[in-house]
Amino acid sequence: MKTSTGHRARAVRAGAGALAASVLAITMSGCGASPGGTQASDDKTLVVWAEGTTADTIKSDPDKQGKYGQYLIDTFEKAHPGVTVKIENHGWDDVLRQNLTTALLAGTGPDIIVGENYFQSYAANDALVPLDDEIKDIKDNLIPGTLEAGQYDGKTYALPSWTGVFGFERNCTVIEEAGLDCSSAPATWDDLLTQAKEITAKGAGKYYGYTDQGPQGSNLGAVFRAAVFLNQAGAPLATADGKPNFNDPKALDVYKFLREIDKTTQPGLNFDPDEGKIYSALFEGKSAYQVAGSWHVAWAAQSGCTDCQYSMVPLPAGGTQSSLVVGNVLYAVLKTSKHVDLAKEFVKSLTTDEAQELGYTAIGRIPATKSALEAVRPTMSAAEQPFADVLLNADVHPLPQWSTNPQQVWQAWNDAFLKTLTTNDSLSDIWDEAQATAETALKG
Amino acid sequence: MATTQQIGAQPIGRAHDTSHSVAGRVKRSATARRQRRTAWIILVPVLVYLGVFEFVPVLLNVALSLTNYNGISASPSFVGLGNYLRYLQDPYPTVMLNTFIMAVGILVVQTVVAFLIALAIQTRVIGAAIHRAAWYVPTLTSAAITTQVALIFLSPSDGVVSRMLAMFGQGPFVWTTDPTAARIILILYTVWHGIGGPVLLFIAGLSSIDPEVYEAARVDGAVAIQRTFYITIPLLKPMLVFVLITTTIGGFQQFESVLLMTKGGPLNSTMVMLLQIYDDAFVNAHLGLAAAGAVILALLLLAFSLTMLRMMTKDEQR
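So the protein lines, in turn, are chains A and B.
Numbering-wise (the working numbering), the first sequence opens with residue 1 and increments by one.
Numbering-wise (the working numbering), the second sequence opens with residue 1 and increments by one.
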């Protein structure tokens, strides 16, 4: 009996030992991974997580769009002999965040990260390297709104490779069919509302005056467009110290306007889960006006809209010309990078005139520096120029970034906006409730 | 005498046996050692796999759920049960209620419909083989595709349903703004997408029932509904238990359909636990809270599954 127990114990110990050794081996192999992928400590490989077009077209479209990514690699490697730049695509938005979190957990984060709207929380958690010393000579040349999303607590942590902005789009075929003049866009919200109602009435179900996007879950599509009007009215979504500003009295006028103009949208279209379908209705001649991102120019052309024209967004009475940067691609250096100085130089290299202009000529993205934007503006089409003018002349800002529970804060805004558009409830009640919910969510 | 002989014989026999049994035991012991060694050689890779990919992650997840780790900063702090207590505050009770409503809806509709389909296929439907395959096609197809198919039908602006309503002079079917409608749509979509598995399982269960039992019941005058309730369902119970448990697990783990169709809206009415866990981890940067959500979901699933198993096997236990 003793012998048998001894054998069993030895066998169990042997098995457990084998198990532990295997786990240890796997764990050890995991520990060997270093920031920036699998690079050795003396290996000067700079791993850059870039947005999809930059990364993917280097191989898939080397003669056109890929020129931009290849230029970044070649220029940097030439200026820094012995350094290899690896540009990778790890998705965008939720997917990018998921991959980044996973990589950071595994200790395999890159040197440089890309993104649009999460840098402030990373900076707040001391995960990013400040770039202020590096950008002293170029800061004034960067369009302020494009830089804002990469700033936290007075420091700059991310620099833009290019940007985008919201403007106003109109389908002249629809407007003229309704018997209205399309030579210029409506100048004010009142003009827009009057025209949208008239076009909707004349369209009798064939076409409508305006395309408004309603909220869906915690998606940001509706927030982006509404924020343009809110900024114009001097009621931005966040206060200067980063708190929600949902129930600003000036915002209530904006929501009243949006509640009205939403009635001129094709029924059901405003709440379609497919954002592409919502905005392509204008290209198909089903809508006259809409707020449009700068990428709409190419999209409208590809969709066969030959009479789509662009301008600045109509203004409210007493409002200021303002908009929202969107598709604002920023790059930052992770503190875990083994090549922080090189990484900072690489991020700065994205803002040179050559890189910024190539971003426009190769990929069609709008430069984020004043000098490059002014240089390419004369070469832009008439459709694109209004977007450049918005960036150069209007007061532009990014969408606010919430330090805690952003999904719940945006959910509160979306819920309130849904009630705004689908009920006749008191706007102040709706937005007071949203403000309270957002403040609670922000407390964590 | 006999006793003496027996007693006298015993030592001889024992001595004989002992000499045999020592060698035998040594031999058996060597064989047993070899067998144990072989068993461990076979088992270790599986145990390593289970340990590394099942037990260790679960334990790490439980440990993570007791911290405020955000996936960004290097040093998480211990917060005890703080993350679990957050599930008592808004919006988490709503999220759990949504999950429960959808899971129960899916469980009831999917089980009943799958059973009826299986019954129809098994008894008298023409082209039974085609039906079997047809019901399984959505299950085999990726949710990314089937949700798009569903949205083509249900698009509020120009979907098939809205167009049909327009033919009758009605406005569009804007289910995306109505919490009840959105929940029903998600339940129906999930049933349609996932019903293939339960249908096949029920068909397999029905096939295993001896036709003579039905014959005997018919002879005794049992009508179809009586045969269903008194023969089919009781004899199908093991399969029913399996279907109920797997459907419950599936219902509580809804994710793709919600992400792709409603993103938790309208008014948070379709925000389910898995989507909230995902958002907490990768949008809200609160991995500790997400880990706590995963533990709570696992415990809920365990509790529901065990309760269901006990309820369904109560008669057998008696």
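It is worth saying that the hints were derived from the structure and are not from the lab.
Warning: the hint list may mix true and false statements.
[Claimed, not checked] To give an idea of the chain B side of the interface with chain A (calculated C-beta under 8 Å), a few residues: (1) I72; (2) T176; (3) V283.
[Unchecked claim] Here are the computed lysine to any residue pairs in the SDA-like style, where the Cα-Cα straight-line distance is at most 20 Å: (4) K86/A <-> K443/A; (5) K202/A <-> G171/B; (6) K443/A <-> G171/B; (7) K335/A <-> K202/A.
Even glycine gets a Cβ: it sits at the ideal position worked out from N, Cα and C.
For each hint, the structure was consulted:
1. I72: 4 Å, holds
2. T176: Nearest chain A Cβ about 4 Å off; hint holds.
3. V283: 4 Å, holds
4. K86/A <-> K443/A: Given that 20 Å is the threshold and the Cα spacing comes to 39 Å, the pair is violated.
5. K202/A <-> G171/B: 19 Å, holds
6. K443/A <-> G171/B: 42 Å, violated
7. K335/A <-> K202/A: 59 Å, violated
The structure fails hints 4, 6, 7 (numbered hints given earlier, in ascending order).
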